[in-house]
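Colleague: So the sequences go chain by chain: A and B. Take 1 as the starting number for the first sequence in the numbering used here and just add one per residue. Take 318 as the starting number for the second sequence in the numbering used here and just add one per residue.
Derived by calculation from the structure, the hints in this document are not laboratory data. Any given hint could be a false lead.
[Claimed, not checked] Derived SDA-like pairs (lysine to any residue); straight-line CA-CA distance at most 20 Å:
| hint | chain 1 | residue 1 | chain 2 | residue 2 |
| --- | --- | --- | --- | --- |
| 1 | A | K265 | B | D527 |
| 2 | B | K520 | A | R258 |
| 3 | B | K348 | A | Q149 |
| 4 | B | K467 | A | G272 |
| 5 | A | K145 | B | P341 |
| 6 | B | K326 | B | S364 |
| 7 | A | K265 | B | K326 |
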Amino acid sequence: MKPILQVRDLWVSNGRLTAVRGVSLDVFPGQKLGLVGESGAGKSMFGLAIMDLLPFGWAAKGSAILGDTDLVAMSEKEHCEVRGRRVAMVFQDSLSALDPMKRIGWHFRRIVSRASADQAARWQDVSVEILTHLGVENAAAALRKYPHQLSGGQRQRILIGMAVATKSELIIADEPTTSVDTAIQRNVLDTLTAATKKLGASLILVTHDLALVSNYCDTVAVMYGGHLVESGPTSEVLGKSRHPYTGALINSNISLPRVMEQQVKTLPVIPGTMPSLESMPTGCAFRLRCDRASSVCEEIPPVTTSDGRTLRCWNPK
Amino acid sequence: MSSTSSTPKPLVDCQNVTVSYKAPRAGIFGKRSQFLALNDVTLRIESGESLGIVGSSGAGKTTFAKVISGQVRPSAGTFEFRGSEPSPKDKEKYREFRRSVQYVFQNPKSSFDPRIRIGRALIEPLRSLKIEGDYDEKVMHSLGTVGLDKAVFGRYPHELSGGQLQRAAIARALVVKPKLLIADEPASSLDVSIRAQILNLFKELGDTGDLTLVLIAHDLAAVAHTSRKLAVFESGRVVEGGLALEILKNPQSDAAKRLVEANLAIV
Chain A
1 MKPILQVRDL
11 WVSNGRLTAV
21 RGVSLDVFPG
31 QKLGLVGESG
41 AGKSMFGLAI
51 MDLLPFGWAA
61 KGSAILGDTD
71 LVAMSEKEHC
81 EVRGRRVAMV
91 FQDSLSALDP
101 MKRIGWHFRR
111 IVSRASADQA
121 ARWQDVSVEI
131 LTHLGVENAA
141 AALRKYPHQL
151 SGGQRQRILI
161 GMAVATKSEL
171 IIADEPTTSV
181 DTAIQRNVLD
191 TLTAATKKLG
201 ASLILVTHDL
211 ALVSNYCDTV
221 AVMYGGHLVE
231 SGPTSEVLGK
241 SRHPYTGALI
251 NSNISLPRVM
261 EQQVKTLPVI
271 PGTMPSLESM
281 PTGCAFRLRC
291 DRASSVCEEI
301 PPVTTSDGRT
311 LRCWNPK
Chain B
318 MSSTSSTPKP
328 LVDCQNVTVS
338 YKAPRAGIFG
348 KRSQFLALND
358 VTLRIESGES
368 LGIVGSSGAG
378 KTTFAKVISG
388 QVRPSAGTFE
398 FRGSEPSPKD
408 KEKYREFRRS
418 VQYVFQNPKS
428 SFDPRIRIGR
438 ALIEPLRSLK
448 IEGDYDEKVM
458 HSLGTVGLDK
468 AVFGRYPHEL
478 SGGQLQRAAI
488 ARALVVKPKL
498 LIADEPASSL
508 DVSIRAQILN
518 LFKELGDTGD
528 LTLVLIAHDL
538 AAVAHTSRKL
548 AVFESGRVVE
558 GGLALEILKN
568 PQSDAAKRLV
578 EANLAIV
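Could you put the whole structure together from the sequences, leaning on the hints where they help?
Modeller: Put into structure tokens, the structure is as follows:
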């Protein structure tokens, strides 16, 4: 099967700092990819580079091929054709992603009429149908409301609805549930995955929560310090991690069954913190916090690939 | 303070506490209805206990924390701290109350003045509560308790990482030797690898026994790790309370069941 998004050696930098360092990955049609990492890992910058929405001064190098066009080499004008037509994004903060002065309907009308001209006249029916499907009660009334009149969970569903309305082949969701309550987090993600499935789109779920990925994604890619350190099918990577960082992340995850069964005294922690972009060590970015580090780690480890799994580590488990 | 009665008084005693706000007007000539943030809450916290408070957003968790830290006065019902109602009229006693109850906020970045060095920020509560002794020494000791290096004393908030800054916030709360430490979602704005460090610190503090800990979180696993007891809030009421492990194993109320169900594990 041909991947719909093929990223090869993607670098994102502003000349002085580098946020993404040579990331390569594939997203296949209908696949749900979980992109995991802590803040500063470069996962959001990766998403923004695909959308060509990088902050001022930052630029991407390498290639990101969507279908048969390279998103990195595109001009802004060409990118406007792709953004919101073939690739859509669900942002983290639903309040700042919507225009506070405009009603929800205004947002939908623009998207629906852009997605297909012949539906423009009946944009209301189309939007109501999408929102009803996403579990928004009384969708017609929701369209007449302003963003601040809705709850966080509802707003997040509106954002997902807007992404679905673009009929894109790829949806990038950047921490879609960080700003909503844990109790509705599940609900929002169920909605998101069901909607992408119905649309036949692929999903990149950017998150720091491994538990989410293990429940919702087919494949996982773990980022640290701008590098993609480990990737592969979710069950294999999380079940038998090889990179020390992935292992440490799995260990430090506090889930209810673990806390209840083991009655752990202290949670296992990863010593130290993620280095800032200014003070990124040479070689492997994780080596200063890694218990398997040796002198070879001062060189950047090569990427090894086997059975659909990639790994960037000198001393894997 | 000594209690005269035979049974020791609980540290915090809330009897039928209700807190109501006026809701915004419905339209220009609309009535302003009352919104009940806390509705008839009765809860006791014994000295040395660690209590976790869970609930969905809008359940009244933070309002409850504000009541027991004296930031919000109940509209009805009584709140007693070590057997008496704290009142700002009695200045001496109220200062003692403020010293006994300390608060750690969710976002460490916004709870520090960016232009004041950590050391001075930690001396501030000592000074304002008119505590005697060597301030520098007390601050250093407090920084040591939370596992921070002495060099942090002279640093500005932006020079520390989120986890370090949250530790500094905890050190600032501990520097006045409080009886009750309230933490409102102390780990949820931190990274996954740092979150465990902060939760471990809270567990250590709770295990020493001389500090009473109230931890507010929507993450059940975090609460189960740090607190022995649990109170589940829903729309301003306490719907379930008791030993944390028992509630998690066998949740009775719908709110508790929902929270247990919403918790995702790595499968």
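Colleague: Please write out, lowest number first, the hints stated earlier that are contradicted by the structure.
Modeller: 7
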